[in-house]
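> Using the sequences provided together with the hints, build the complete structure.
Spelled out from the first residue to the last, the chains are:
Number of protein chains: 2
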Amino acid sequence: MVATLIAPPQAKSQPTVASKPRQREKLAVIDCDIHNAMPNDETLYKYLSPRWRRHHELIGGRGAVGSYYPRAMKNAARHDSWPPSGLPPGGDLPFMQQQLLDAWDMDYGILNCLYGVGGELNLDFGAALAQAVNDWQIAEWLEPEPRLRASLVVPYEDGELSAKEIDRVGGHPGYVQVILVVRTQAPLGHRKYWKMYEAAVRHDLPIGIHFGGAGGGPITGCGIPSHYIEDHGGMPQAFYAQVISMVTSGIFELFPTLKVVLIEGGFAWMPSLMWRLDQSWKRLKEEAPLLKRLPSEYIRDHFWISTQPMEEPTQRHHFLQLLDQMNMNDRLMFATDYPHWDFDAPDRAFPVELPLPLKRDILAENARRLYKLAKI
Amino acid sequence: MVATLIAPPQAKSQPTVASKPRQREKLAVIDCDIHNAMPNDETLYKYLSPRWRRHHELIGGRGAVGSYYPRAMKNAARHDSWPPSGLPPGGDLPFMQQQLLDAWDMDYGILNCLYGVGGELNLDFGAALAQAVNDWQIAEWLEPEPRLRASLVVPYEDGELSAKEIDRVGGHPGYVQVILVVRTQAPLGHRKYWKMYEAAVRHDLPIGIHFGGAGGGPITGCGIPSHYIEDHGGMPQAFYAQVISMVTSGIFELFPTLKVVLIEGGFAWMPSLMWRLDQSWKRLKEEAPLLKRLPSEYIRDHFWISTQPMEEPTQRHHFLQLLDQMNMNDRLMFATDYPHWDFDAPDRAFPVELPLPLKRDILAENARRLYKLAKI
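Chains A and B are the protein sequences, given in the same order.
Heads up, the first sequence is in our numbering, so the first residue is 1 and it goes up one at a time.
Heads up, the second sequence is in our numbering, so the first residue is 1001 and it goes up one at a time.
No lab work stands behind these hints: they were computed from the structure.
It cannot be assumed that every hint is accurate.
[Stated by the list, open to error] Using 25 Å as the maximum straight-line C-alpha spacing, the simulated SDA-like pairs for lysine to any residue come out as follows: (1) K285(A) x K1195(B); (2) K1282(B) x Y68(A); (3) K1285(B) x Q315(A); (4) K282(A) x L1323(B); (5) K282(A) x I1224(B); (6) K1195(B) x H227(A); (7) K292(A) x S1226(B); (8) K282(A) x L294(A); (9) K285(A) x F1343(B); (10) K285(A) x W1341(B); (11) K1282(B) x K285(A); (12) K282(A) x T1314(B); (13) K195(A) x H1227(B).
[Unchecked claim] One side only, chain B facing chain A, incomplete, derived with CB under 8 Å: (14) L1100; (15) W1104; (16) G1223; (17) I1229; (18) G1233; (19) P1236; (20) S1272; (21) W1281; (22) E1311; (23) Q1321; (24) L1323.
Heads up, the beta-carbon is just placed ideally off N, CA and C, and yes, glycines get one too.
Here it is in structure tokens:
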């Protein structure tokens, strides 16, 4: 990790007598992964209809299911992120403004609320929760704070219900993305999700796929592991499967303007996936008849990737090799994962010093282009 | 792919008048992944007890379950590998001798029989099948052909039954490895497999983990995919999970001489796994108290990897970067995967020209050391 937000100094061999001291450049920052939290049931109930309020009281919900391990949700916050108000980490807007947006002088931040609406097994309840969460975000986050944008949540296991919710609030200027978690019940190329993509494209909203979730099955291709470290260390497996499924199913031919953002899944696994999938496809083209190009070409055209957590090779030059192999420098977008324990600070996020234009792109400009955020 | 088995030519700028023509070096080849096939039930029955013969006739077995898709087993053979005898590909020793061992002048070949004994749900039947397959291999493969070695098969879902079979035939000089498939019912760090490792270590036999299998669950961390290309392209996910499970469970502290060979899973995913797992472990050490070193150190000490199929980066220098990142050049071992469709020929296996000493190591010497095979 390298702690600079300034332009690299002039090469030492150049004459310095006549030159003015170089202006330090303050780089713009857009944070692509902030987690706002529903403070309590009382707040939720303000936005939920009486019918579903009764349901929540009587049956309950799965809650913020982010993992098969409670660690992921319950102990995942930075120690200093508990607001003095007593609200949960990420649940107090003024505290977040101060601790995150002001402290790092961010241009914008994207809220990805992980209230587990899409993981609800009762799909109608999930749809009602989605409405409540999305209305709460508009009223209590997007309207009071112009630096914030948000992902809208959907009951993603049903394409039609999701499309309905996207159509309901997708036109609000604060919503810039639709958010899912990566461990869905089925790989995301499956037909049951297509109507959601159709609606996302209709509103020109990228689909964000975030770390976590508990789709119901074992989380590995060889059964149920025993440790959270296997879950956390192995999360790329689910991202890997989703990328393969989305590409081979042909949804990028069906929805040529569909954009996907991979959030908190790392990316060091991406080159190996591209190499292997291109090889498999050359030999098994007949099974994926919609594809007209190499799988890696669809990946480079349709995917964006958030930086936190970045893999940190022991040898620093391996990180530069990785960027070169991946060839997606215009798609990497900085994220802090605030208020979670593995927070990346803007000035310490990169394992090596990067060229200034690239740093600028990753810290803000790639996200500004994707989410259409004005220069400040 | 580069088609040379010879030393690279002298640099063109050197004088050639006085020098003798350089001797071409014929490189030794050891093939670490050959699939011999049980020709038919009649042959199997010669080695199966009457009790289990009746079971096989009455109930049947799952057979050579290598995948959730029949493609992997039924249409997986090279077109030219069907022996004139009418036996199945890999089922005819003289034909294999001629088409593989003689044609490529191999020092040795390692048989990995994929007859699905470990996938049988009736564990006693699986154990009986393992005995039959292992006795058949001794009688009809290892004894008639001194260039062959074999992996012994086990009913791997039960550690004790597997240990019993390893103790029964593990002392035979033709057996150099214990073979499993990668999609087991549980990740291989699980306690139920430990007695198998104990027995493998007792006989100094590596555990080979081969592409394929159908452990019963969805093959991704996010449900059941729709296409064989997702299965084939996504196989690294299962290898990834197994490596994480074996390392974090601490079995390499419990069995410090245990060796594991990853077969037909590729390896371009390995650097990203090491980087990520090292990071996760630094933050979650308490959950894996047996570990005394970085996960990547256990990987580099305890794992070997077969080459077929090698990922083929579009940019050739990325392959060299990959080797550098992985830092396991002494652990890569050449394999053809004969008689399967994605066969790698020894003279065309590498996507780039490699330095001669490395080529020598990969084509034969790394395997010679691991499996203790004499120079010829």
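> Report the numbers of all earlier hints that the structure fails to satisfy, in ascending order.
1, 11, 14, 15, 24
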